[in-house]
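Participant: Sequence:
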Amino acid sequence: MPFHPHAPFGQFGIVFAILGGLSWLAIVAGIVLLVIWAARALTNRPVMLTSPAAPAAESPLDILSRRFAMGEITPDEFERSRGLLRGNPPAAAIPPPPSG
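So the sequence shown is numbered by the working numbering: it starts at 28 and just counts up by one.
Take these hints with a grain of salt, some might be off.
As the list claims (entries may be wrong) - So the derived label-pair ranges between C-beta atoms look like this:
| hint | residue 1 | residue 2 | range |
| --- | --- | --- | --- |
| 1 | Ser126 | Arg93 | 54 to 60 Å |
| 2 | Ala68 | Asp89 | 37 to 43 Å |
| 3 | Glu85 | Asn115 | 36 to 42 Å |
| 4 | Arg93 | Ile54 | 52 to 58 Å |
| 5 | Leu111 | Ala65 | 16 to 22 Å |
| 6 | Ala65 | Ile41 | 19 to 25 Å |
Don't read these hints as lab results, they were simulated from the structure.
Cβ atoms here follow ideal geometry from the backbone N, Cα and C, with glycine treated the same way.
With the sequences and hints as input, model every part of the structure.
Facilitator: What follows is the structure, given as structure tokens:
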């Protein structure tokens, strides 16, 4: 078989070319992954493997303020509930002084 510059490996030349290209692609991808791993390891930042912490729970006053801001409760309900949460009894619940 005479030498031909475009087919140096005979009928399997295209197969070797594809395998060679895939091999170099795998090598370059491996180097990129190694560099990324090394950069993360050197920064000493832990990789987040779990979900972020849950936000802090709202206090009852925060919930009340949010409901008032959204219009779910009236100003009178807000003031009365805020007083109850702060430990102040509502004005209607205070019994009148005994007369006599």
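Participant: The structure should be examined with respect to each hint, and the outcome stated for every one.
Facilitator: Hint-by-hint comparison with the structure:
1. Range check, Ser126 to Arg93: about 43 Å between beta-carbon atoms, so the 54 to 60 Å window is missed.
2. For the pair Ala68 and Asp89, the beta carbons lie near 41 Å from each other, so the given range of 37 to 43 Å is met.
3. The hinted window of 36 to 42 Å between Glu85 and Asn115 is violated, with their beta carbons roughly 21 Å apart.
4. Between Arg93 and Ile54 the beta carbon distance is about 57 Å. The supplied range of 52 to 58 Å therefore holds.
5. At roughly 59 Å, the beta-carbon separation of Leu111 and Ala65 lies outside the given 16 to 22 Å, and the hint is violated.
6. Judged by the Cβ atoms, the range 19 to 25 Å given for Ala65 and Ile41 is violated: they are separated by roughly 37 Å.
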